[in-house]
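There are 4 protein chains.
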Amino acid sequence: MKLAMIGLGKMGGSMARRLLRAGMEVVGYDHDPKVVAQLSAKDEMSAAASVADAVAQLPIPRIVWLMLPSGEPTEQQIQALTPMLSAGDIIVDGGNSNYHDSQRRGAWLAEQGIGFMDAGTSGGVWGLENGYCLMVGGSVGVVKTMQPVLQVLAPSPEHGWARVGPVGAGHFAKMIHNGIEYGMMQSLAEGLELLRGKQEFDLDLAQITELWRHGSVVRSWLLDLTAKALQANQDLETIAPYVPDSGEGRWTVIESVDQGVATPVLTSALQMRFASRNERGYGFRLLSLMRNAFGGHAVKRTE
Amino acid sequence: MKLAMIGLGKMGGSMARRLLRAGMEVVGYDHDPKVVAQLSAKDEMSAAASVADAVAQLPIPRIVWLMLPSGEPTEQQIQALTPMLSAGDIIVDGGNSNYHDSQRRGAWLAEQGIGFMDAGTSGGVWGLENGYCLMVGGSVGVVKTMQPVLQVLAPSPEHGWARVGPVGAGHFAKMIHNGIEYGMMQSLAEGLELLRGKQEFDLDLAQITELWRHGSVVRSWLLDLTAKALQANQDLETIAPYVPDSGEGRWTVIESVDQGVATPVLTSALQMRFASRNERGYGFRLLSLMRNAFGGHAVKRTE
Amino acid sequence: MKLAMIGLGKMGGSMARRLLRAGMEVVGYDHDPKVVAQLSAKDEMSAAASVADAVAQLPIPRIVWLMLPSGEPTEQQIQALTPMLSAGDIIVDGGNSNYHDSQRRGAWLAEQGIGFMDAGTSGGVWGLENGYCLMVGGSVGVVKTMQPVLQVLAPSPEHGWARVGPVGAGHFAKMIHNGIEYGMMQSLAEGLELLRGKQEFDLDLAQITELWRHGSVVRSWLLDLTAKALQANQDLETIAPYVPDSGEGRWTVIESVDQGVATPVLTSALQMRFASRNERGYGFRLLSLMRNAFGGHAVKRTE
Amino acid sequence: MKLAMIGLGKMGGSMARRLLRAGMEVVGYDHDPKVVAQLSAKDEMSAAASVADAVAQLPIPRIVWLMLPSGEPTEQQIQALTPMLSAGDIIVDGGNSNYHDSQRRGAWLAEQGIGFMDAGTSGGVWGLENGYCLMVGGSVGVVKTMQPVLQVLAPSPEHGWARVGPVGAGHFAKMIHNGIEYGMMQSLAEGLELLRGKQEFDLDLAQITELWRHGSVVRSWLLDLTAKALQANQDLETIAPYVPDSGEGRWTVIESVDQGVATPVLTSALQMRFASRNERGYGFRLLSLMRNAFGGHAVKRTE
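Residue numbers (my numbering), protein chains in the order written: chain E, 1 to 303; chain W, 1001 to 1303; chain A, 2001 to 2303; chain C, 3001 to 3303.
Treat the hints with care, since some could be wrong.
Taking lysine-lysine and the DSBU-like style, the derived pairs with C-alpha atoms no more than 30 Å apart in a straight line are [said to hold, decoys possible]:
1) A:K2300 - W:K1144
2) E:K144 - C:K3300
3) W:K1300 - E:K198
4) C:K3228 - E:K228
5) A:K2300 - C:K3144
6) A:K2228 - C:K3300
To be clear, the hints were calculated from the coordinates, so they are not data collected in a lab. Fair warning: this is a prediction, and the values are worked out from it, not measured in the lab.
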């Protein structure tokens, strides 16, 4: 089996490598030629100088797997790529695209006879070793064609990948997965902040998180990683209290609004990330202003 | 009618003044003698050099109104004051005490024949002109004795004061009032932050808040004050994004936990104040650590 | 001044009436001919048998004010109406449209030389008497043309209406207004639920809300109405615990996600409305299932 | 090693059994004699007819492990038990007591020379097989004495138990553990509710949760159990949407208020449980009342 991997960053590069290690043929392209050269030299990946070059190296039917940032980069690549393909070829979007976009793209490609599969991919940087959890949306036929690839990428041929529904369903499931991930992370962060704040007990957070890994109800992979990361240093002095977010957490909240379902935890988890980056604090300034206005309370001034 | 006012700060001082203006006799004491001297000079208040001196100047039955910080200051003053009083005298706690404390104090004073009234007081620095909203807890008899005072302090003899229940009920109602106040303030702050954040429209927040004062559903006293405060300057550059909280907001959340009632808005309003003061951001640092651990995401470093 | 009012429901009908009382000429149309007949008979409104008829009765430049449900009804009406108009005419959308829609419509109408004004309207059923708070978006020229109408609809010629920005800004301000409204309502509801839940004090919520109207920090129009409504009956036994929501509360949350601003109170207020309507409770069932699975806790069964 | 286990319910009974299987001598007492008889017959536990009888069967120094409901049952048992013990004996509280209580009890017992250890215990009904995660608070000496017992109860002699700090620290860590547990459960419940609500995709929640167990970021023991429980039936029709809560979730929220730390996720998780049991919905009725009062919106009536 041979496919093209477009986008060889943290995720795409590792996935290409995992496929190559399993004996698959991968033609790789990235906008950074160094990355292509490195994978080509070390991992026997076929280097492509352009997307067109990658496509040209593929047997028919062609399979092109995209691992690109969601939004514009993915959109533009699909627009550019499609004229190079023919009926019967398959595009896989393994990135974190919005499922509405995937539905739209799938329908548009179908009109041209091109198959589309959205493969929500979880597992982070550990996927190279552990395998990736793949939530797949697409027609039964397309998914069947892709099965050998999915079996290699997943933790095992049987487990860790599944067709969860039609086109869009894969990215939908991935979106919800990430929403849950935000909630679990925030749960841990809040609990650990309270442990840390109880100065009277002078608790060792590395010890407690390690302890919880064995037999407790909260044992989880996120806890495993947190325990390990805290072993070295739990003061976290050099880490800024600044937490980015990517699209899925936001889309999960918007989905909850669309469905009319209360998701206070998933929403709070997102909003706390917003709060971590709110240097301006305009709302807080307003509250201080109001307290002064009605109660004569002193206003703390900026320095 | 003559009473002693113990504590002549922002609230107590203004309340003494309002009573004096209405022709009542007020003996005033504060731990800051300058404040006593000033009110004595300008407003014809009888100065007291100590609480004992204040008590000594009162006719029997004595009425002592406390306007002190809640917690220890109020507790200690009641402990110190009680031996100076006799059966039939009345202590009023007009501060922001926890209603559990008021219930305990009321019961303890009742054993000694001393009346107790908890008078939750709202109105802030505007009370001197507008009158104070007084939520009163106590026996019917004690409240009846206090009626002439309440009629002066309130916005009108009929409106703005009421006996809402037995001892403790006054501070309970005040606690809930402040919980609601936090929620309303946060509602305004969040909405205005979104108005401000919509740079495309370059909205004038002073204009819009003023506009809402006339005929809109959100018109309110907090809006009146906010609109006025924004007239001068809506950049708020010199105000730090730092919002203190006092006991009632916290007690409201604890009450909701005790009752088993979901109060997400009152709770969020309190928690946002906590967030405004969280310079350490340990939970945020943990989130950043976790993201790095599972996804290899770059960690923003402190400078 | 003469204009057409399309949509004579709770809001549109009252606004037509307010204009007519001030001596303006109003041509009215509604899909329910009875409503048209009634306003025509009682209030001397010119009846229109169709939108085309309404347009035909207008002098040039024509002014058509829409008071329709947002979304499809407004969209379709604007699509149908536009071919009947000419350059220089003005369409006003006084409904609760999404500001993105208003921006799109304004741009599309501008291409045809037709003026557009979005007039976010607050005040509810009390607007007929009190006047409406009008947040207006549009060009300076269009708003100037509409000024005589706005001065009549608002609580006074000077107050309660304003041009807050270009097309879209009016509906944007109205959206935020409603977000704040949700937050204030939920603040009151939560506080009063805690008052009610404190059975020990047997509090009279009609008394306390009335009391707070005088001198307290939470005094507000929503409190005025709540106090009045509770006078008759505070058990609320015949009112179902079921709270609808309309678009603005949802759009406010989506706006906060788009801006990346934490709005926990506005969001919780919306989510509690969702929760009030969640008869299925699938998430709660899942929690019960999980508790059973790890802790052997008994599951409450449906009856 | 020999100890008395007081309270042989779901947790205590299984812990006694695990100790017996490892060859420890356990004297067991429960207020239900049938439970005692059963463990005595099947598992060779020494039956005690009363707490006094249990104490009488112990060698000196005596070790009494309590597995009782927190609050009054634990308090009363410690009060009743203490006079039967002598200096050098040890009481272990393995239940879910509030850490403030444990601190108080530890200090009181220390005055009498009796050792106290608080052992927060996680693992649920699976602990018999898997072992229990034990978060232990107490003096170094007391914990050393208890080490052989802890090594048997934990998943392995080395892992799954630790002295996290002085008396109280064990129950503190357990409280936070449960707070996090609530947050993780609610995260899963919200995400799965959104999966379920997306009818268009007709997703199979048993499939997706099973899928996530392999390689995804959210893999966790709670997910394992949820996936398994959903295999049989994902409609959950017979499970009522009703979720109890126990003390620790509430205490975690109170702790966050005491520390002044925002914990929106842990708090929301608790509040949603409150909401699941709020049949009265007084707050919702109030919202409906308000909507009617200002906007004339129809009120849904109870049937």
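Each hint, compared with the structure:
1. A:K2300 - W:K1144: Since the Cα atoms of K2300 of chain A and K1144 of chain W sit roughly 51 Å apart, the hinted pair is violated (cutoff 30 Å).
2. E:K144 - C:K3300: Measuring from Cα to Cα gives roughly 51 Å; hence the hint is violated.
3. W:K1300 - E:K198: 26 Å, holds
4. C:K3228 - E:K228: 28 Å, holds
5. A:K2300 - C:K3144: 42 Å, violated
6. A:K2228 - C:K3300: Roughly 19 Å separates the two Cα atoms, so the pair holds.
When held up to the earlier numbered hints, the structure conflicts with 1, 2 and 5 and fits the remainder.
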